[in-house]
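Mind docking chain S on chain R? Use the hints.
Line by line, the protein sequences give chains R and S.
The working numbering puts the first residue of the first sequence at 1, with every later residue one more than the last.
The working numbering puts the first residue of the second sequence at 1001, with every later residue one more than the last.
None of these hints come from the bench; they were simulated from the model.
Owing to the predicted nature of the structure, the values given are computational and were not obtained by experimental measurement.
Every clue listed holds true.
List of simulated lysine-lysine pairs, DSSO-like, C-alpha gap at most 30 Å: (1) R:Lys253 to S:Lys1005; (2) R:Lys393 to R:Lys365; (3) R:Lys253 to S:Lys1003; (4) S:Lys1125 to R:Lys253; (5) R:Lys365 to R:Lys320; (6) R:Lys253 to S:Lys1004; (7) S:Lys1044 to S:Lys1071.
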Amino acid sequence: MNVGQVNEGKRFFPFLNRVILHGRLDWSVRLRWIAVSGYFLATIILWWFTEFQLPYKQIWIILAVLGAINLIYYAINAIYKNISFVQELVFLHVHIITDILFLTLLIHFSGGIENPIYLFYIFHIVISSIVFHRPTPFIIATITIVLFGALVLLEFKTVIPHHCIFNQTLHGNLGAIIIFLLIFAVTVYFTAYIGTTFMHIYRESKRLIDAKNTQLIKADKQKTQFFHFASHELKAPIIAIKSTVDSVQESYKNCLDDRAQAMMYRAGQRAGQMLNIINELLSLSRSRTKILENQQQKIDIIALIREIIRNEIPAAEAKKIRVETEINSTPIYVRGKFEDYEKIFVNLINNAVRYTQDNGKVSIKTDVDVQNRFFVFQIVDNGIGIAEEDLEKIYNEFYRSENARKLIAFGTGLGLALVKQLIENCGGNISVSSKLNEGTTFRVVLPINDTERTANNEERNSI
Amino acid sequence: MPKKKILVVDDDIDLVEAMRLTLENAGFEVIDAQDGDRGFELMKSEKPDLLILDIMMGTQDEGFHVAYRIKSEEDISDIPIIMLTAVGQETGFEFDKDKDEDFLPVNEFVEKPVDPEALVELVRKNLGQ
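Next up, chain S with everything else stripped away, as it sits in the complex:
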C-alpha cells in the first residue's frame, strides 16, 4: 500500500516539524507549506490525501479563505481538511463543527496543541482507515 500523503499548512515551522515527526513515524508521507497561497498550490499540484490547515497565519482567518478556495475547486474539494486553531474561546471565536457545518468547510476542527496520538487517530479517521 502506497504511503498516504498529508499536506501540513502552518506558518510555525517548529509546529510543522513536530507534526511531521509524528505523522512520518506513523507511516505517512508529509509535505508542508508556510502560507495559504503556497498551500493551495501544493493542493493543486500534489493532490494530497489529507490537509492539516492552520487558521491564523498571515491574517486572522487566512486558513478559512484557503479552505473556501479549496472547496470551490472540483478536483480537490473532496480532500478532507483538519483545521487547527491556537485561539479557543478566549477571543470569542467559538466553533462547533456540527453547529457550523455550513459555515466551516472543514471535516475537523481542533485546538492546538494536538496530542500526537490524537493527531494520528484523527488523521486515520478522516482517511477512512
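Okay, chain R solo, but in the shape it has when bound:
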C-alpha cells in the first residue's frame, strides 16, 4: 500500500491505524459468530420447549445467510492481509450496515416492536462511535431509527405481516409505538453522542501525547548531539594545549631553566584542571539521564567501599589522618552501575580526607536498617566543616565554600552535585550535618537489591 494513503488515513483518523482496524475487522467477525450462534440456540430452545409461534424457518434462513456472509468476511480477512486503509474502512462500513439490515429482518420475524432485541441496535451504534468520526456514527444512528421505524410502522399498517409473540396488541397501538420509537431514537442518538465525544477526547489526548513524545525524543537526540559536540569540540583544544606543554616540558628538560620548567609544569596542571572540569560537567549532565534498567548490575557495595578506602589510605597517611572504619563483614548488594557507585563513594571519602587538616580523623561506618531494606553509609570527619549558611548550597554546581577554597585552591565544585544526582538516580538520598571548624557528617541511604534480600531471607529461614 502506498504511504500517502496511510498519512491520509492518519490525518483523518489519528486514532486508527491499519493494525487496529484489522483487529477490529477480526473482532467484528468473531462477535458475529457469537451473535449468530447465540440467536440460533435461543430460537432452538424456544422452538423445542415453548409454545411461541415464530416463523422459525425464516429466522434460521436469515441466520444461515448471515453466517455465510460472515464466512466470506472471515476469508477476506484471512486472505487479504495487505489491503489499504481506505479499503478496510469501507469493509467496516459494509459490516455495520449489513448487520443493521439483518438485525432489522430478525426483529421483523421475531415479533417486531414486541421483542426487546431492538436494543441490540445500540451495540452497533457504540461500535461505530468508537471506530468512526462524526458525523458517520450519527448517520448510522439515523439509518437505524429509519429502518426500525419503517418496520414497526409497516407492521402497524399491516403492509407487512406482524409476527406476534406475546399475543398482545402492542404492535397495533400507535401511541405505544410512537413512545417506543421516540425513546429509542433518543437512546440511539445519545449513545452516538457519548461514544463520539469520548473518542474525540481520547483521540485529542493521544495526538497531544504523541506530539509531546516526538518532542521529547527530539530533545533527547539534541542532548546526545551536545555531548558529542562538547566532548570533542571542548576537549580537543585543551588536549592539544596539555599535550604540547607536556611534550615541551619533557623534551626540553635540559634546555629550560628551573623557572621555565616550573611555569611549564603549572601550565600543564592548569590545562589538566580545565580538562577535569569539562569531564565532570559532562559526567554530571549525563547522569541526569537516568540509567536504563538493562544497564544495571548487582554490586557488592561492601567490597567496593573497602577497595576505595584502601586506595585512599596513602593520601590520609600523608596528612597523618587517622581513618577508623566499622564496615559490615558480609556482602551487601545494591543495583545500578558500578561506575556510579564508585563515583559516589570515591567523592565522599576523598572529600573527607581532603578537607580534614593534618592529624585529623575520619571515621566510616556502614550498616543496614532493621528491615534489611536500606544500606546506610556514614562518614564523619573532624575537618574544616561547613558554615550553616553554606549547607544548602553545597550540592549546587560549581559551588565551593569559602573555607574549602582556602584550604585547597583547586576543586571543580561539581563533586557533590554529581554525588547527589547519582544517589538519587539509584533511589537513595544523602543528608549532611556540619559545624564550622568542627567537622562534617555525610549520611547516605541506598536501597538494597530486592531480589538479593529475598534470597537472603530464604536462606536464613532454611537454616
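What follows is chain S alone, placed relative to chain R:
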C-alpha cells in the same frame, strides 16, 4: 639500529606536533597524516613500524574504519595500532580492549591527552622493546 618509524594520524595538527616532539626526542622517526585516507596511503607506501590513530576525525568513527581497512590488508595488518580518543565515557563510548577485542582491531586504546612518558612507554611496549 635503524630508527623505528611511527605514523601519527590525527586531524589536530598541534597534537601531532606535540607527539612528534616527544617521539622524535625518544629516538623515533615520525611521519604524519591529517586524515584517514592519507593515513592509509602512508601505511601502504611507507610501512611504518607502528601506527598512532585518532578515532574522531572527519566523522565520529573514521579511525575505526581506517583500522578495519588496515587489518584487511595482508601486508600491513600486522603493524601494531595505538588508538586515541578524546571522548571517554561521557558519550557512552566505553571501550575496554580486553572486552572488545574482536570488535576493536587495535592493540591499545588510550584516552587523550597521553602523558609523554606514558606515550613513549606504550610505543616501546608495542614495538616489543
